[in-house]
Amino acid sequence: AKDTKEKRPQPFTAQQLDKLLMDKFKQGEYSSKGADSCLKCHDRDSEHNATGIFDNIHGNQNASGTPFAGLQCEACHGPAGDHMKRVRNGKQREPMITFGKHSLVDTDKQNSVCLSCHEDRQRLSWQNSAHQNEQVPCASCHQVHTSADPMLFKQQQNAECGSCHREQLQAINKRSSHPLKWGQMACSDCHNPHGSFAEHELKYSSTNETCNSCHTEKRGPLLWEHAPVAEDCSNCHDPHGSNNVALLKQRTPQLCQDCHTPADHPSTAVTASDMVNKPASAFIIGQNCMNCHSLVHGSNHPSGKTFQR
Amino acid sequence: QDANVKNIQKEKWQCEYCKPSNATKNLVTLNVTHKNNDNGHFSTASGDQHRGLGANLDANIATQNAGSSTQLNVKNVGADNTHLQVKTANAHSYQATLEYKTLNSFGHNKALTPYLNPGSSTLSLPDDWQPVAKTSDMPLASFNTFANKVERESWHLNAEKVLFEHWLAYVNFQSETKQGIRTASGNILANVVLLPSPIDQKHNQFELGSLYQFERGSLMVNYNLSDFTNDHDAFIWQSPYSLIFGGALAGQKSTAPDNKQQQISLVGTYRHNNFNLQSQFMYGQLTQQQSFLPYSTNAELTLPTMNVNDLDGEIKTLSARVRASYRINKDWRLKFNYHYDDRDNNTRVYAFQHVLSDSVAFDNTVENRPYSYTKEKMDVQSQWRFNPRSKLNVGWSMDQKDRDYQDREQTENQKYWVKVSTYYDFINNFSLQVSRELRDGSEYQRLDLTSPVISTLRMQKYYLADREREQIKAQLSFTPKDNIDIGIQGYFSRDKYDQTQIGLVKNKRRGIDVSTTIALKENISLSAYVHNQWQDNVSQGSYWFEHVDWRTLQGDKTDTVGLNLTANKLADDRLTLALDFNYSYAQGNAVINKLTQELTEENNELTVNAAHIKLNAAYVYSPKIDLNVEMIFQQFDEQDWRNEYLPDDIINVLGTGVTGFDYDATRLTAGVTYRF
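Residue numbers (the working numbering), protein chains in the order written: chain A, 23 to 331; chain B, 491 to 1166.
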């Protein structure tokens, strides 16, 4: 096994590295044998094994437009003709463009390499997106040197998103949640991590449009709309998960009572002790308010003003 | 960056080592499963409800010619949730994908109902049904069972073609059907029945667009049509209760009406030097012309003729987004975002006779309220790298909403935030974000019914109310040793509604997450995490509408711990083992203050325990055969007194007899993968 993990002498600073890389492009010193120069070390036994790239499209020499149909490894990593040369004591190995969150290369510059091919219609909004703003490199989520990028598999994608978005990841373990836990759905079913014009990087233009793309029966227009529903589904629901049924932010009837205290209904704080001390009440258990007002998302019935029809 | 390739001698680039790991890349996997439980909760999470022995197939088959490739991906064929995809592409020329997917959700499968035909749009009782006054008199033993289940099946065709250099066109078509039974309640006056209601819907989406990319940006135009149809206009049920004074013998509920949404959008991006501009404009309309149901099916009611046949609903939408960033120098950039959304509901206002649950026709009429709103949001932020490893972000945003027919016509929310982030040495990332928001608006004027109109108490609906919001989020990740990564996240959020006397007055949410990943050996890694979250909601109300006489504190806490152990390259690089464990405990309490009586009581409202263990072993048996064994075990129980009732516990509510989920379930899978 070849040890490609090196003891780091005094590292470059980001500015020094940036200047060096720019100079290397000016010099245009590419490897004499292309990828073969690199793969002598970065082979299957190496800790930095790069050969997985040949199991995915990036390493396909026959498909036009791939890195390996062009400058091979150096299509992405830049000219690295001296990288394989012996390193003298106290000197640095010739640097190249490296990727990932631990790379010293400026994130925008790392990502510009990927975007030079992948700035398609799904990634038109990358610039100014939340992840771009946070300087998240493409390679902190995606893996190119593997047979299949984990982000393409729902369960692995959810875990990867959750490595930063911890609160949202843990929410899928709650009592009610969308089925993300074992990969029946993925974060990218609702969000576009590459940026969108919508709030929260949603795939559709608003929260409601995103919810309605699957729950279309709630879209309307309806004769009797419920105002907070028409305005924003997240007024009542937490889409990432909740301890309450139906992803509700608060248990009913309290949730309903936060807005409704009609004079002809009992306005009482109801708890389990009311269950013990009184006969069971339709105002409290089961679907409580929704025992009667079952169409809280709106109704199209001429007699549906109070969402009972 | 100019690649500067003039010195390359490409003829020497033989790429001798450029070999895939396997000469054969086509995989077919046959999985044999055994599941000992078919309850809905586990089935929804695992994507399959079959109990006992089952089998499913995965496949990944690819062909490549010069320049073009075709891939077939198949996942879980034979299970309830299935995915098939065929994709063919030629780089810089075309791409087409055909996809088939099912996504089912399951509920309780032994729900009780007196109806003979659960899931029908006309729910009938047995001919010899004897109406009774209260649920406890109903013959539960003779009830039928039904399963709550919603099956989604969708087809998706996507095609993209490069028309000219930098210019492509695309078309998408997606058709989804949704069928099944969902429990919904129906009432006749105060008598309620939980009904096995039908779901039989179709949603077709069509999208057409074109993208043109040029050196400094791009232009995209897109048209989208979404067409929703429902096979059921209504559903009718016979009341199992005896006739009460003024009550009906049967009820009729509306279902989701057929409707359409059309949208056209234009996207433009432009970049030049350090300036980046993106914008999107969208115009759309939602329409609905479903024929109205009659006021009631109750022939005993004397009702006027409706002077309109359908809603002729129409909502126009207009949205604009502008996002710009400018990099003043390498350390400082400014950003600007503007969002505009207008929902203009042009649906007419009609007067309808006021009819209550097929039973009472009041003299008055009621009018619909076609809600319109306009939302504008603007934010400005500055990002300054004050040293090579540290950034300071400051921002301000203003969010204004204008509405009609609501208690408050305008709200304005302003947010200020600051975020510092840095990394140094073994600290991979440290960030701290603090924000403060203030929301107020126009005068709050109560509308009828929703508020205690006879009192002077201030009731503000929480989504319209004056609000102060404070949020803090901190994050630290570090590597104390080469093989150990540790991450800590904490968050705190508090909403205060100081102008509210009745309604939600306070909300607090905070949590902490600690996680670590340890490389025990080169091929063995262990990760563990703990997440704790607490959430409190304080609401107030008034029984007599003279003063606040009750207050509830609804407190939730969730504790989650987990462990993941992965060992690969075992047994001569052939074996990979993985263990995943997760335990989650949730508790909900309510503390009630009955202020006038000076009484305080605390009750446990719900408890949820969920644990799972997942074990997986993958073994490369030969260059052509892989073996895989997996076990998933889940233990789950939920106790929520709201759901813990028998069908006849409530005198006027006929339930379905289902309570919380409480199960131990195991799924074993053994798979053989063949490569060719």
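It should be emphasised that the hints constitute simulated quantities derived from the structure, not laboratory data.
A few of these clues could be false.
Stated by the list, open to error - Calculated cross-link-like contacts (lysine-lysine; reagent style DSS-like; alpha-carbon spacing at most 25 Å):
(1) A:123 to B:591
(2) B:496 to A:123
(3) B:591 to B:825
(4) A:131 to B:909
(5) B:750 to A:327
(6) B:865 to A:176
(7) B:500 to A:48
(8) B:806 to A:327
(9) A:225 to B:692
(10) A:107 to B:881
(11) B:1114 to A:225
(12) B:1059 to B:1114
(13) B:905 to A:271
(14) B:509 to B:1114
(15) B:825 to A:48
(16) A:225 to B:865
(17) A:176 to B:905
(18) B:825 to A:123
(19) A:271 to B:996
(20) A:62 to B:500
(21) A:176 to B:577
(22) A:225 to B:591
(23) B:806 to A:41
(24) A:107 to B:1059
(25) A:225 to A:176
Outcome of the hint check:
1. A:123 to B:591: The hint is violated at about 35 Å.
2. B:496 to A:123: Violated, at roughly 32 Å.
3. B:591 to B:825: Since the Cα atoms of residue 591 of chain B and residue 825 of chain B sit roughly 40 Å apart, the hinted pair is violated (cutoff 25 Å).
4. A:131 to B:909: Given that 25 Å is the threshold and the Cα spacing comes to 23 Å, the pair holds.
5. B:750 to A:327: holds (23 Å)
6. B:865 to A:176: violated (34 Å)
7. B:500 to A:48: holds (19 Å)
8. B:806 to A:327: holds (23 Å)
9. A:225 to B:692: Between residue 225 of chain A and residue 692 of chain B the Cα gap is close to 21 Å, so the pair holds against 25 Å.
10. A:107 to B:881: violated (36 Å)
11. B:1114 to A:225: violated (40 Å)
12. B:1059 to B:1114: holds (18 Å)
13. B:905 to A:271: holds (22 Å)
14. B:509 to B:1114: holds (17 Å)
15. B:825 to A:48: Status violated; Cα separation ~32 Å.
16. A:225 to B:865: Satisfied, since the Cα-Cα distance of roughly 19 Å is no more than 25 Å.
17. A:176 to B:905: violated (34 Å)
18. B:825 to A:123: holds (23 Å)
19. A:271 to B:996: Cα-Cα ~13 Å, so holds.
20. A:62 to B:500: Roughly 18 Å separates the two Cα atoms, so the pair holds.
21. A:176 to B:577: Measuring from Cα to Cα gives roughly 18 Å; hence the hint holds.
22. A:225 to B:591: Distance of about 19 Å is within 25 Å: holds.
23. B:806 to A:41: violated (53 Å)
24. A:107 to B:1059: violated (31 Å)
25. A:225 to A:176: holds (16 Å)
Checked against the numbered hints above, the structure breaks hints 1, 2, 3, 6, 10, 11, 15, 17, 23 and 24 and satisfies the rest.
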